[in-house]
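> First to last, the sequence lines map onto chains A and B. Mapping of the first sequence onto this note's numbering: position 391 corresponds to residue 391, and the numbering continues sequentially without gaps. Mapping of the second sequence onto this note's numbering: position 116 corresponds to residue 116, and the numbering continues sequentially without gaps.
Where hints are given, some of them may not hold.
Said to hold, decoys possible - Non-contacting residues of chain B with respect to chain A, defined by C-beta distances greater than 10 Å in every case (computed):
1) Ser-45
2) Arg-185
3) Gly-195
4) Ser-196
5) Gln-205
As the list claims (entries may be wrong) - Quick look at which bits of chain B chain A covers, simulated, 3 or more residues with Cβ under 8 Å:
6) 24-35
7) 103-116
Note that these hints are calculated values from the structure, not bench results. Remember, it's a predicted structure, so these values are computed and weren't measured experimentally. Ideal Cβ placement from N, Cα and C applies to all residues, glycine included.
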Amino acid sequence: MMEITSSLVRRNLAIAIALLGMVLALLTAEPSGLMVSVAAIAICFGWKPGLAATLAAGPLGYGVLAVRDRLADAPMELTVLVVAAFGIWLLVWIFRTASFHERVHQSARQIIEDLPGLGWSADPNGHIRFFNPAGLERVGMTAEEMQKQMEEDDYAWRHTIHPEDAERSAERFRHSIRTGEPMHDEARVRHHDGTYRWFRDIAVPARDETGRITGWFGTTVDIDDQKRAEEALHHRERELRLMVDTVPTMIFLMTPQGLPYYFNKRFVDWAGIDPGDETQGNAADLNTHAELIHPDDRNDVAAAFARSFGSGEPLFYKGRLKRRDGQYRWLDSRVEPLRDDSGAIIRWYGVNIDIDDEVRAQEALRLADERLARASRAASLSELSVSIAHELNSPLQAVVANANAFQRWLGATPPNYERAGRTAERIIRDANAAAEVITRIRALFAQTGQDRNPVDLNLVITEVCELVSDKLTSGNVRLELELDAALPAVPADRVQLEQVILNLVRNGIEAMTDVPASARRLRILSRRTGGMAEIEVEDQGPGIADAERIFDAFYTTKRDGMGMGLSICRSIVEAHEGRIGARSAPGEGTSVAFSLPLQLANG
Amino acid sequence: MAVALAERREDPVAVLVDDDRAVREALGDLLNSVGVDTVSFASSSEFLTAELPDRPGCLVLDVRMPGLSGLDLQRHLAEQGITTPIVFLTGHGDIAMSVQAMKSGAVDFLTKPVRDQSFLDAVSRAIAADVTQRDAARETQKNVDLYDSLTPRERQVLRYVVKGLLNKQIAYELEISEVTVKLHRSSMMRKMHAGSAAGLFGAWQSLPAEIRMDDA
Chain A
1 MMEITSSLVR RNLAIAIALL GMVLALLTAE PSGLMVSVAA IAICFGWKPG LAATLAAGPL
61 GYGVLAVRDR LADAPMELTV LVVAAFGIWL LVWIFRTASF HERVHQSARQ IIEDLPGLGW
121 SADPNGHIRF FNPAGLERVG MTAEEMQKQM EEDDYAWRHT IHPEDAERSA ERFRHSIRTG
181 EPMHDEARVR HHDGTYRWFR DIAVPARDET GRITGWFGTT VDIDDQKRAE EALHHREREL
241 RLMVDTVPTM IFLMTPQGLP YYFNKRFVDW AGIDPGDETQ GNAADLNTHA ELIHPDDRND
301 VAAAFARSFG SGEPLFYKGR LKRRDGQYRW LDSRVEPLRD DSGAIIRWYG VNIDIDDEVR
361 AQEALRLADE RLARASRAAS LSELSVSIAH ELNSPLQAVV ANANAFQRWL GATPPNYERA
421 GRTAERIIRD ANAAAEVITR IRALFAQTGQ DRNPVDLNLV ITEVCELVSD KLTSGNVRLE
481 LELDAALPAV PADRVQLEQV ILNLVRNGIE AMTDVPASAR RLRILSRRTG GMAEIEVEDQ
541 GPGIADAERI FDAFYTTKRD GMGMGLSICR SIVEAHEGRI GARSAPGEGT SVAFSLPLQL
601 ANG
Chain B
1 MAVALAERRE DPVAVLVDDD RAVREALGDL LNSVGVDTVS FASSSEFLTA ELPDRPGCLV
61 LDVRMPGLSG LDLQRHLAEQ GITTPIVFLT GHGDIAMSVQ AMKSGAVDFL TKPVRDQSFL
121 DAVSRAIAAD VTQRDAARET QKNVDLYDSL TPRERQVLRY VVKGLLNKQI AYELEISEVT
181 VKLHRSSMMR KMHAGSAAGL FGAWQSLPAE IRMDDA
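Looking at chain B on its own, in the form it has when it is part of the complex (with noise of 0.2 Å):
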């Protein structure tokens, strides 16, 4: 199933993990009727050791399971910086377990039985969400790879443009000629792909923040 699965690369899968059999087959059996694909797992511990596709998608946890619990696996997630939203599912609500959750950034916080439509909706918005933050993660990981590949010079340069300072001003704090700094700009606008200060802007403003703030 891995194989096929992986040939669809952009298309969405539901992660389940739920200690009970029936529920797992149930609920996985409810998002296939929907189109959606789902992988489950009888425990946190057999979910963090499995290879998962990189496909969006988002994770459904049973809050009360034998082992790490489904709250414990959202604090371990998030301690390893995997931002796969969450949709909780427990057995019996609790409002201070659901807040606890709802703040770690779970998407939603369903009580069993669970009536199939809020189910779906909670799902899709989760997949939605994923697909956004992947978009994201892709578009600033396309720009620190364009970033990667300016000279230490041209780096200077965006920085300065980015601040706003005119080609003279840029010459004045480098001590070179405005000429030169206008050879720079070119070229470093040509390697970040960018086609006006706006879109270098844009650019600049999705790179990670240790690469914004390094003055070097």
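Isolated chain A, as found in the complex (with noise of 0.2 Å):
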């Protein structure tokens, strides 16, 4: 039989076969053969029209009858007519599909089997029709028990595949058929020997002219050798990517106009920030790091940054970075530029070193070192007391021995006068040696009192109380400070006042050493009572009989006491115009309270 390939003579074929089908109808009567145009109709102008024809076989198939007069029969022949009709069509329809997926298959068939891969066909449902020879080769199989296996199972080909990516790949080719979309797959597909290579399965869906899908085309190619060398790269880039998070460095990339764009992992968690983009910078980022930096540094960073991306030249600066948990610490910066071959700056690279604990080791010791120096201020004292003890010694050793030879010469028997007079001149003579040394202490107090500044006592008061924090702690003393925190300065002499409250603390703690450690409390309070400034501690010790003899030189309730320390404490405070006092009794503890003027009356 001869091939009909145009379809437009097809068409006109199947026109001329439809009329000839009505015309026999008509002069026959015989409304059966409108079924031959029924046929021509939906082979040849496909299922819409054929099925358009079935219907109106039916109206056709009246008018015939009509015609000839037949209408009698009508009921009987109309239905065998409609029913006929519509089973031709469905036929044809069935088989005119079946006949197009095999046509499309065969044709491809050939180009399928020359692609240099592996490559094959499937149905619009699925269905896998087709390997080509190289595909069955790979897997081991003859294309009748490949036939076979398809036959019983429409996914049986993936048993072929590793069985960790079987199921994805499955459900990749599910999805392409269940939407039309092209299939991208990466699977490793098993050798018959047994061995597994990275195979990458595309496969396209074919469609007719009306955008049907009438099946898919797939090759599957070997990539395996790609594959593994992409997995190196990958594996590099992990482990250089994982170097750069894990170095105990903070490490930032800057564009050639300084936005930032990428911080590394450390980077990100030590501040809290997003990690970038990774591939370019914006403004608001910078924005937002700008306000990272510590307020007082952000100036000298801004510029210290202008000026690097200026010049192009590297840039090291130190500066206060904000923690994500908001503590501010010193961090050691360096930023250089990465240039291409003409020298333009493609990118800057920063690393960011957390030095806080080195700077605040440093400040520390400078702390350290500044405290040893007001330690040695307030050893002074205590110093200047050992020279004063050394000075008033002799004298005093004096009058002690003098005294007690005075009296054995008038006890002697017989009394000797002469040398108890003689002795008696000595006697009055080391007193007043050591009246004078006092007298000269105190105008040594006096007279150094001239560099009067501003003094925050509240500050004087916590520094000497730091000062101090040793004895509080080995003596078991609880330390209760009120002071006034809107007490104004004083004009004063800074290191004397700090000696007074030194003295002052030192004397209560001292005063407490018998009592129950649980009752050792010592009170300061700081509190403006009109004009004047006052300060005042309080133990919680034995208390003094005497208290206003406790500011004469020499008075001491110590075993090792001079009787110095309260009376130069009133000398200081006298030389600032100020007044001290002392409120004790037996069993009550003492309290001390000095005050100084706002303001000098003659300074």
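Hey, can you piece these two chains together into the complex? The hints should help.
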């Protein structure tokens, strides 16, 4: 039989056959001739015109019967006609589809077979129709074996896929069948010797002129070498990323314009910032990060960056940056440009190292130095006391020894009045020498109080307490500070006031040596009373019977005391135009208070 | 005053070294009032260059003085073999200093201002120690002089006697007759002013070690 390849000829022929069928029906008054027309239309024009013809067969048949006046047979004849026409249409529709697919695959078969890689085709519903020889060889099956397996299970091919990849591949294929989207899949495919290699599977649907999917055609390419290279690359990249993220330093990248666009994990975790989008910076990010810089350092850092971005010079700076917990920490930052062959800057590399602990250690060292300096200033008073003691010791020793000798000369038998008289003269001389020492010391304090600057007494108190914190701790003394925060500064010699307060605090601590540890409480108050600033130091010691006398030189309640401290305190306070006083009673502790004028009358 | 002191050879004398005149005078006065003579110096060097009376006594030294300190002076005197007892006075008691001073043989270490009784007690203890020491030294010197008057043979006999050897054994050791040993022995006992073997032994014990060890 001749092949009719032109669709136009085919169509015209079909129209001719259909008309012939209708003419035949009219001439014979037999509607069954219409079935030829229905078949011709269904076969040549597709299923929609076919269905229309089938439906039209009823009225047309009725027309034929009416023309020939055979309406008596109509119900029977027309029923047979319509059912038969519908049957013809259905058969044509089914076979037309099947033969179309068959034709499609047949025509594609040659191309697939010639593919250098693995090739396959499938029905629109995903039923695999064909594997090319390379594909069959790969899995080690004959076409028949494959055919058999395929008929049992549409997805039998997935048994040739690595178990870890099979389900994903099947799902992708199903997805593509459902939606008509091309399929891209990468999976390990089993060789007949049992080894797996990576293949990339790409399947596209074939469509007819109406856009209907007529089948799927897939090519499967061995990408194992490529895949391994890629994996090695990924591995190296991961390693590199891991290294960048784990080196104990913060790394960041900036565009040539200075917009930050990458921060390593350390930096991200440290500062609690976004990792950046890793491709380009944006100005909003820059502003966010600028706000992390300590306000005091911001201008310096901005200037340093601007300088480097302008000149292309590497950048070194130290500044404080806010950590995610809100604490500002010192960082040592270095930023260097990366240049291309022409010398143009491609990006900036930055490194931040947290040096806060070192900075703080240095700071602590400096503070310790300062404390030491202050302590030695405090020591100077005790050292002064030693030299005072030494100076006073001799005249006192002389007075004591002379007085004893005096007594013995008089008590001798017979009394030696002559020697006693000489000794008495010496007693007077030496006692005067001792008094002279005291006068000199007090004059010393009155003179050196010339250096008057505003002094924050609260600050002095806290510093003194820090100075004696060891003594407080070792003496189990509980410190209570009640400082008036609004206390104005007083014009004073700071060092001298420090010594007064230190003296009072020390006295308080020492006074409580013999009271139970639970009762050892030292209270320090500061307050403003009129035009005076008043400081009070209160202990819970045994108290003193004659509180007025404690400011006298040589009056002491301590076993090894000189009785000089409070006397000097009084000299200092009086040199500052202030007053000092004490309240005490045995068993009730002692309170020493001094007040200084906020403004000097003659200064 | 030195002349007056020289007249009373066995009366004790306390030597005060203190840079403070008031203290020197007062302590001197105090000691005088209990009948102890005193000699005072304002510094260690003044003390070292002075001619001191040969009388029992003690040194009262101030620890802190310009120039040679009291402790330095103690060391210096010890090197010279001078064993006069020392009482230290210091303005500020220092345990380390006092330990060192006491180890070096100080009688006492007192802190100024010192109570009169403590001071007087310390000084009289020191003087007593010096008296004993001087008596012992004088006894030793006497015995050394007696020993020096012995002939070599008498010295040999003396050594054997104090070792507890009998005349017969001594005669054997010296390879002389027992009669000759007896002659040497009685002569030696007489020269050593020893009435008995026990007395001889006491005198022997008081002799300086270098003599007793000398086997010549």
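> Under a C-beta cut-off of less than 8 Å, do 3 or more residues of the region 24-35 of chain B approach chain A closely enough to confirm the stated coverage?
holds (count 8)
> Quick check for students: does the CB of Arg-185(B) sit more than 10 Å from each CB in chain A?
The claim holds: Arg-185(B) sits with its nearest Cβ about 57 Å from chain A, beyond 10 Å.
> Has the region 103-116 of chain B got at least three residues whose CB is nearer than 8 Å to a CB belonging to chain A?
Result for this restraint: holds, n = 5.
> Does the no-contact call for Gly-195(B) survive, Cβ to all of chain A over 10 Å?
At roughly 45 Å from the nearest Cβ of chain A, Gly-195(B) sits farther out than 10 Å, so the non-interface label holds.
> Confirm or reject: Ser-45(B) is not an interface residue toward chain A, with every Cβ-Cβ distance exceeding 10 Å.
At roughly 20 Å from the nearest Cβ of chain A, Ser-45(B) sits farther out than 10 Å, so the non-interface label holds.
> Going by Cβ atoms, does Ser-196(B) stay more than 10 Å from chain A at every point?
Non-interface label on Ser-196(B) holds, nearest chain A Cβ at 47 Å vs cutoff 10 Å.
> If we take the beta carbon of Gln-205(B), is the closest beta carbon in chain A still more than 10 Å away?
42 Å, holds
Every hint from the earlier list agrees with this structure, and none is contradicted.
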